[in-house]
Amino acid sequence: MVVVKEYEAMLEAYGKAGGDQNALKTPEVANLVVHENKILSANEVPGIRLDYQETENGIIADLLVEENTKSKYPIHLCFGILPEEGLQEITLRVTVQDGAEVSVIAHCIFPNAVNVIHSMDADIKIGDNAKFSYQETHYHGQSGGIKVIPKAKIKVGKKGIYESTFTLIEGCVGVLDYDFEVFGDEKSISELVVKVYGKKEDDIRVAEKIHLNGAGAKGLAKSRLVLNDRAKAVVMGETYGNAPFARGHVDCIEIVNGEEAIAKAIPVVSVRDEQAKVTHEAAIGSIDKRQLQTLMARGLSEEKAIDVIVKGILK
Amino acid sequence: MNILELQELKLTFNGRSVIDGLSLAVEPGEIHGVLGVNGTGKTTLAYLIMGVNYTPDAGKIIFEGKDITTYTISQRAQMGITLAWQEPARFEGLTIREYLEISRNLGLDEVEDCLLRVGLNPQQYLYRAVDVSLSGGERKRVELASVLAMKPKIAVLDEPDSGIDIVSLPYIMNGIVEMSQQGTSVLLITHNETTVEIAPRVSVLCAGKITNTGEAKEMCQWFKQNCQVCDHINLPAY
Chain F
1 MVVVKEYEAM
11 LEAYGKAGGD
21 QNALKTPEVA
31 NLVVHENKIL
41 SANEVPGIRL
51 DYQETENGII
61 ADLLVEENTK
71 SKYPIHLCFG
81 ILPEEGLQEI
91 TLRVTVQDGA
101 EVSVIAHCIF
111 PNAVNVIHSM
121 DADIKIGDNA
131 KFSYQETHYH
141 GQSGGIKVIP
151 KAKIKVGKKG
161 IYESTFTLIE
171 GCVGVLDYDF
181 EVFGDEKSIS
191 ELVVKVYGKK
201 EDDIRVAEKI
211 HLNGAGAKGL
221 AKSRLVLNDR
231 AKAVVMGETY
241 GNAPFARGHV
251 DCIEIVNGEE
261 AIAKAIPVVS
271 VRDEQAKVTH
281 EAAIGSIDKR
291 QLQTLMARGL
301 SEEKAIDVIV
311 KGILK
Chain W
1 MNILELQELK
11 LTFNGRSVID
21 GLSLAVEPGE
31 IHGVLGVNGT
41 GKTTLAYLIM
51 GVNYTPDAGK
61 IIFEGKDITT
71 YTISQRAQMG
81 ITLAWQEPAR
91 FEGLTIREYL
101 EISRNLGLDE
111 VEDCLLRVGL
121 NPQQYLYRAV
131 DVSLSGGERK
141 RVELASVLAM
151 KPKIAVLDEP
161 DSGIDIVSLP
171 YIMNGIVEMS
181 QQGTSVLLIT
191 HNETTVEIAP
201 RVSVLCAGKI
211 TNTGEAKEMC
221 QWFKQNCQVC
231 DHINLPAY
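In order, the protein sequences belong to chains F and W. Sequential numbering from 1 applies to the first sequence in the working numbering. Sequential numbering from 1 applies to the second sequence in the working numbering.
Hints are all accurate, no fakes.
Looking from chain F toward chain W, a few residues come up when the C-beta cut is under 10 Å (computed):
hint : residue
1    : Ile253
2    : Gln291
3    : Gln293
4    : Lys304
Computed Cβ-Cβ distance ranges for the label pairs, DEER-style:
hint : chain 1 : residue 1 : chain 2 : residue 2 : range
5    : F       : Ile60     : W       : Val132    : 36 to 46 Å
6    : W       : Ser17     : F       : Ile266    : 39 to 49 Å
7    : W       : Val167    : F       : Lys315    : 29 to 39 Å
8    : F       : Glu303    : W       : Glu110    : 18 to 28 Å
9    : F       : Ile266    : W       : Asp131    : 24 to 34 Å
10   : W       : Asp131    : F       : Ser133    : 18 to 28 Å
11   : F       : Glu303    : W       : Thr55     : 18 to 28 Å
12   : F       : Lys16     : W       : Asp131    : 23 to 33 Å
Under 8 Å between C-beta atoms, here's a sample of chain F residues computed to sit facing chain W:
hint : residue
13   : Asp288
14   : Arg290
15   : Val308
16   : Ile309
17   : Gly312
18   : Lys315
No wet-lab data here; the hints were simulated from the structure. Predicted, not measured: the structure shown is a model, and the values here were computed from it. Glycine included, each C-beta is placed from N, C-alpha and C at the ideal position.
The following block holds chain W by itself, in its conformation from the complex (with noise of 0.2 Å):
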């Protein structure tokens, strides 16, 4: 049984569709990458899924065999369902320990674990505050290390990649692949062909659907020839 099942979903947004009858699934434990240029409803999928911000229109959202298309976004993360989002948040006052502490209780040297998986040195992080004074790469590593003490049952992880730097780059790519060593199915949604190859299967999303799924060197190659030069306009949904 599939973990997650996206049945042809549909949103429309201004009177403009974003999702366009988009079907989805993604298998217990894989790390299954969804490749899209700007624009095509990448942050949109990542939204449906976690319940933030939209409802679909039409269409389901199967967890675990169960319809949650109508679940808050509370309901969803306590079955095991979270996302890391393409920037996220800053929090006054609240430690990394605290933040990583946040879905349940964890042992210090669990903290630190997770934080190490990331490259983090547990030392230097432990007690800075998730706030402004925090890098880009620092806040998203921050993130995924935050993923890794929930231990959900699948993570969506929403351009984990951009806008880091080399240096921080491969930690990132090192928390998603222990994600998914520990049991996380993820679903790693990005627009470069070179961070989906750690996933094995990959969906190309286009115009708020998927045109393809495949092997993750087979769906690069078709992203590069197609999506890249196409002229098709894709417009982001806010």
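With the rest of the complex left out, here is chain F (with noise of 0.2 Å):
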């Protein structure tokens, strides 16, 4: 009875956080839905399958796609806490064999947290003309009182596609610690994006990182935040070229839009193989004057044009 109410007050939660509830309904649909360390949800289908533990303080899950699967839905996952307090630990173990392709939504929501924890730990391999799209998407209240600690090994297999969006954008972020690395082999195309809006006290660390150890590799590591208020960020994005053509990028920008908001980019590139090639940009300052005087001069109050802008970069 306890686990139906739960799951009904995830739903709604799921919901709200832009959640689609019917696909955690739908018999199609592979999803895993977690409430603290109890599993309220669990569906495989054919091609994927999933398995799952209960721990002390969160759950393990192996989730395999089986060779060449084309999943038509993606698979739903929805991770949260919602008492104001709480310890939440995800090990997610994910395995792509060769020649499947599939795609993650996941939410992680914490819409009352005072005092949590969230942690996930994810170890990602992606087989040879696989491809995995990974969108985590947080949704948080208002009172920061959270730490979130995504941490992923990614391995990408020869031709391999792996693309991941984390989005922390609605509610404060609280302490954030992501650290994403990726290594991508012989033709692999690896995107790590990173959206965070901070506000009030926010304490923001994103490390993304790309090895591209295999010939003709290509990586890009995508970062765009916005800091209000007090909150504070860095962001280290690190991109490394260690074969024939392998290609990186390094994309930073960081728009500090409150007096006391502190913003650092700290980009690395590196190149062990001469026919390899890195490239990095940061950008940190203020909103775009000329962005905001061209929304201004179609009507819009200086407020409402900096939302627009600031909504752009993290859409």
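Mind docking these for me? Both chains are given alone in their own frames, and the hints should help you get the complex.
Below is the structure:
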């Protein structure tokens, strides 16, 4: 009974966070819904196997996408803690076998967090000619009493594709310690995108690392942060070109929109092969004056114009 | 009554006079050309009218009989004034459809119509971002489409033809005519005497002041004979 109530509450929060509630009820859609350390719902579909177990403070989940499976629907993951306090440790092991293609839509929901820790430790293996897209969206309350620690190590096989987008723009971030590291094999494509809207006292650390180890591997580490109030952030985008014709790029934009907000960017580009090339661009500054004036010249107030620009950057 | 009157505007920048007693009147619904070589104060004039970056040291800006000299950009825009920049800003994450809908609530049909009027196929452009992926010509056409979408009372167009290829130029010119036909007065600021021929009245700008106003043909001739060979040193304000 308690589980049913928690499930309904999670579904409601999931909907508010922008998730598709129907997707969690559809048998054709693989899903996993976890509240604290309780698995409230889990569904497998042909070609996608899901093993899971509850632990003292979270869960361990193994997701296997079988060879050449082309999933019609994304896998939906929903993690969260609804009470004000709690600890959730997610261990996620993903294997996407050769030739398989799948996308994951993950929502992490902490609407009432006052003293919450949510960590994810992911180990992702993407086979040759396989494709894995991972979108993680966070929905936080306004208190900022949460610590989010997503860490992942991703191996991308030959001609494999890995795309991930981490979005935390709703509510206060709290403390974020994001650390994703990708190892790309021959002709693989890896793209890491992080979008965060910091407010109040938020403390943000983002580390995106891409190792281009195979010939012709490509990688992009992209981050977009907007900082209001007294929020502070440091972004470390690192790309290593270790093989012939590897191509990598670090692209970081941080907008400081508060007198006491602090932004730092530490891009690292390294090449170990004379035929590899990696580049970086980092821009930290206030809202672009010309953009602001242009929108005001269409009749928007300054506040509304800033809102449009910020939402565009974080879209 | 003139829709816009600039009365004896003066602006000094870093101790140098860049607008020097400039007076100009725009009638309702007209395309009024302003012709000037580089550095004569064309962009500064556009900025003064829109309230961008500068407030005049002296003189008045009168819009529909009201003194708006100290109004903010937003206030002027809400009264029906807008500006299309010589180099329009790029916006990451903002689609062309969203950009055109910023000034007022438009139906999809209206947005598509605005794009068509500047020669952009809605199917190709509606959901593209107003970012660096657009060429200079595409961005300028989008800018004109956004002015059409706003339906302002007066549009100040700062060199809409500069940096435009010969394929895009007719669409830009058509967009300006369309703007006028929908009832928007246009102040068409340019250094190109061919562009300004679509304006029934043209004023010549030199060293921060209007030297002549008259019919386009006559003013273009005067411009060619005098301004293009003039040894007067004009410097931009910025």
